[in-house]
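Starting from the known structure of chain A, arrange chain B on it as the hints suggest.
In case you want the letters, here they are:
2 protein chains.
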Amino acid sequence: MHAVNAAIEALLDAAQPVVDSEEVPLGALLGRVLNEDVTAPVDVPPADNSAMDGYALKHADWPGDGRKMALSQRIPAGTVPETLRPGTAARIFTGAEVPEGADTVVMQEHCEAGEGSVRILELAAQGANIRPRAQDVAAGKTILRKGDRLRPQDLGLLASVGISSASVHRRLRVAVLSNGSELVEPGGTVQEGQIYNSNRYLLDALMQAWGFEVIDLGIAPDDPAQIEELLLEAAVDADVIISSGGVSVGEEDHIKDVVAGLGAIDFWKIAIKPGKPFAFGHVNGTPFLGLPGNPASVLVTALVIARPFLLASQGVRETGLLTFAAPARFERKAVQRTEYLRARMTPDGIECEAAQSSGILLSAVEGNGLAVQPEGTAIAEGDLVEFLPYALLL
Amino acid sequence: MHAVNAAIEALLDAAQPVVDSEEVPLGALLGRVLNEDVTAPVDVPPADNSAMDGYALKHADWPGDGRKMALSQRIPAGTVPETLRPGTAARIFTGAEVPEGADTVVMQEHCEAGEGSVRILELAAQGANIRPRAQDVAAGKTILRKGDRLRPQDLGLLASVGISSASVHRRLRVAVLSNGSELVEPGGTVQEGQIYNSNRYLLDALMQAWGFEVIDLGIAPDDPAQIEELLLEAAVDADVIISSGGVSVGEEDHIKDVVAGLGAIDFWKIAIKPGKPFAFGHVNGTPFLGLPGNPASVLVTALVIARPFLLASQGVRETGLLTFAAPARFERKAVQRTEYLRARMTPDGIECEAAQSSGILLSAVEGNGLAVQPEGTAIAEGDLVEFLPYALLL
Chain A
1 MHAVNAAIEA
11 LLDAAQPVVD
21 SEEVPLGALL
31 GRVLNEDVTA
41 PVDVPPADNS
51 AMDGYALKHA
61 DWPGDGRKMA
71 LSQRIPAGTV
81 PETLRPGTAA
91 RIFTGAEVPE
101 GADTVVMQEH
111 CEAGEGSVRI
121 LELAAQGANI
131 RPRAQDVAAG
141 KTILRKGDRL
151 RPQDLGLLAS
161 VGISSASVHR
171 RLRVAVLSNG
181 SELVEPGGTV
191 QEGQIYNSNR
201 YLLDALMQAW
211 GFEVIDLGIA
221 PDDPAQIEEL
231 LLEAAVDADV
241 IISSGGVSVG
251 EEDHIKDVVA
261 GLGAIDFWKI
271 AIKPGKPFAF
281 GHVNGTPFLG
291 LPGNPASVLV
301 TALVIARPFL
311 LASQGVRETG
321 LLTFAAPARF
331 ERKAVQRTEY
341 LRARMTPDGI
351 ECEAAQSSGI
361 LLSAVEGNGL
371 AVQPEGTAIA
381 EGDLVEFLPY
391 ALLL
Chain B
1 MHAVNAAIEA
11 LLDAAQPVVD
21 SEEVPLGALL
31 GRVLNEDVTA
41 PVDVPPADNS
51 AMDGYALKHA
61 DWPGDGRKMA
71 LSQRIPAGTV
81 PETLRPGTAA
91 RIFTGAEVPE
101 GADTVVMQEH
111 CEAGEGSVRI
121 LELAAQGANI
131 RPRAQDVAAG
141 KTILRKGDRL
151 RPQDLGLLAS
161 VGISSASVHR
171 RLRVAVLSNG
181 SELVEPGGTV
191 QEGQIYNSNR
201 YLLDALMQAW
211 GFEVIDLGIA
221 PDDPAQIEEL
231 LLEAAVDADV
241 IISSGGVSVG
251 EEDHIKDVVA
261 GLGAIDFWKI
271 AIKPGKPFAF
281 GHVNGTPFLG
291 LPGNPASVLV
301 TALVIARPFL
311 LASQGVRETG
321 LLTFAAPARF
331 ERKAVQRTEY
341 LRARMTPDGI
351 ECEAAQSSGI
361 LLSAVEGNGL
371 AVQPEGTAIA
381 EGDLVEFLPY
391 ALLL
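Which chain is which? The protein sequence lines are A and B, in order.
For the first sequence, the numbering used here begins at 1 and goes up steadily by one.
For the second sequence, the numbering used here begins at 1 and goes up steadily by one.
In isolation and in its complexed conformation, chain A is listed as follows:
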């Protein structure tokens, strides 16, 4: 039995990041993964600028309370200021460049404007209301790193240093296969003995959410020849193959023999619930992840076990999670495998969904995350329990 963390680490050790890169324009970079560090080519801001609408002056030139200063220029944002004439002030606006010779901006609320002059009623401290050159970013600084998965603020920062495109890893291509002769596509009619295939849509959507390109292999019936054909085809184009179902060792579970014949496969028992049976191998060198067949097991093993491997294969540097703890509003006896309980975080703490069977997906839909009950531990009402919001796992 592999501990959950050991299984995650073993997969991470085996992950090979996508090598190909592509240059992508700023507007299409959300969620993409940098494949090189990014260094700022310029200072931000490029010059001292005003943080306020007001008046720029040299602090030492202030003539004192109630005395007028001549206004020598007006500097709206986006214009080029002249050097400030000694003893004068300049009208200045938010974002406008502070003229050479000025060292202080006084907000307009502390001034009284006149005809060609201004009375500064309350002098600000020297340097006040000025955003100094390079306050945000200095040229040459590494602002983003290889392996960063780009967020909106990262795109804003790239734009702020004038960068309009970046080199990222090509999207990971993940082939998704659903195993089982009992499976029928939604929209069709279920005959006796059949069920609708939900894992395909669950897995396709997870791959989309993680930013991967999905190669959808559809349903493989429990027939070795058809499974082999689909896997061989997938191994040509895909970076990773992920399947659900068919990874038990029963005589109707053909994945094992087929993958073993085309490459290699290991069967792991992971101390996780729902989950446990998990296959890892390769098809002609393309990594193969075999998830269990029950929908809740697919969801949990995909989020907990497959996610770090897939993100690392995409080139993501940090695949760990922020973890949060909150008080349990439930109790459970000690468990032998680490349980990822379908749960609901509320202002009062974590409520555990009643239905935890691996065949039940509804409780994942009704909840907003997973509460973690480590192997060997019990949970009492009020205990602090680790909680993984679904939104953080995507």
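Source of the hints: derived by calculation from the structure; they are not laboratory data.
Fair warning: there could be bad hints in the mix.
[Claimed, not checked] Computed spacing ranges between beta-carbons, pair by pair:
id	chain 1	residue 1	chain 2	residue 2	range
1	A	Gly218	B	Ala10	46 to 56 Å
2	A	Glu386	B	Glu318	20 to 30 Å
3	B	His110	A	Glu386	53 to 63 Å
4	B	Gly116	A	Ala378	39 to 49 Å
5	B	Ala28	A	Glu318	24 to 34 Å
6	B	Ala28	A	Ala125	50 to 60 Å
Virtual Cβ for every residue (Gly too), placed ideally from N, Cα, C.
Chain B alone, transformed into the frame defined by chain A:
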């Protein structure tokens, strides 16, 4: 001065959800928002099925330890079983329908297979290893609700009840405008007095992350005629207009007069930092949100103030956030406005980024969320502080 929550509530009260709907196939529903409740048309599973590879029998028919039972049929998944002959057992596989007349499945590890017969060494409890019909979902149950923003598990659940498309709100169309004569597009050259426009890419990416359609209006210089033209054009197609910059009351801030002339505008001072000036109004009936101009103010007001309004306008039912608390690894004096501190959650607690100026975006890039310091409160080392991971705000 509006309290943050009061501002959010006032905007939510004004939000009108997009009325138009469209039928979207399952594979394209991720992140879309349902515009009607969804009821399960069938039971899941549709019949009792086996949770194990093993042998199905009637519990009362067990002949006792060490005695053989005849095998009367073999039931792979996806096939139609016959009614079980009394006194016999059926070979059965995971996911296969349990035959009429059987009420128990014994896992194969507890059996000894023979030629046409099986010895059940350890009988399971009556009903064991059977997933009863409708265990996950009963036909007629409301499984998802109007206003749900669809996640991978929601798509899996829709598929499991055979639904291949759903009616969702048309994507919200948000027009994004950046105000300021000092702004230049990244990729171009910055002249003296100019800076690169980062807000456009920050806001566009946020709108993408929230699933909206972006109408990118580019940069509006500080010129009322050009602002008016852009806003009038936007008001035709957009459901909401969002702008950055130009919402102060200075003489170079023209948004106010232009929007007032085309509709109405209110200026709010919100007790938030970074942020504070915020405009809300409409252009010919199209809601208008005016954010401040500094990048960190744009990020925080977009995430905290605009997000709930925009999601509600998209039709999302629950716009509130999961909140988490963790110990502060910093201290701060009491503040007059609620501060959303750019911060980093670590295993040891929350570290506060050193740079909190509203002009600085780098500290949002280096951190992983916002720590909340409510107005009027100080923070001491070790205090539990509310933390909003960026990933939860998207």
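Now the hints, each set against the structure:
no.	hint	verdict
1	A:Gly218 with B:Ala10: 46 to 56 Å	holds, 49 Å
2	A:Glu386 with B:Glu318: 20 to 30 Å	holds, 23 Å
3	B:His110 with A:Glu386: 53 to 63 Å	violated, 35 Å
4	B:Gly116 with A:Ala378: 39 to 49 Å	holds, 47 Å
5	B:Ala28 with A:Glu318: 24 to 34 Å	holds, 30 Å
6	B:Ala28 with A:Ala125: 50 to 60 Å	holds, 57 Å
Of the numbered hints given earlier, the model fails hint 3 alone.
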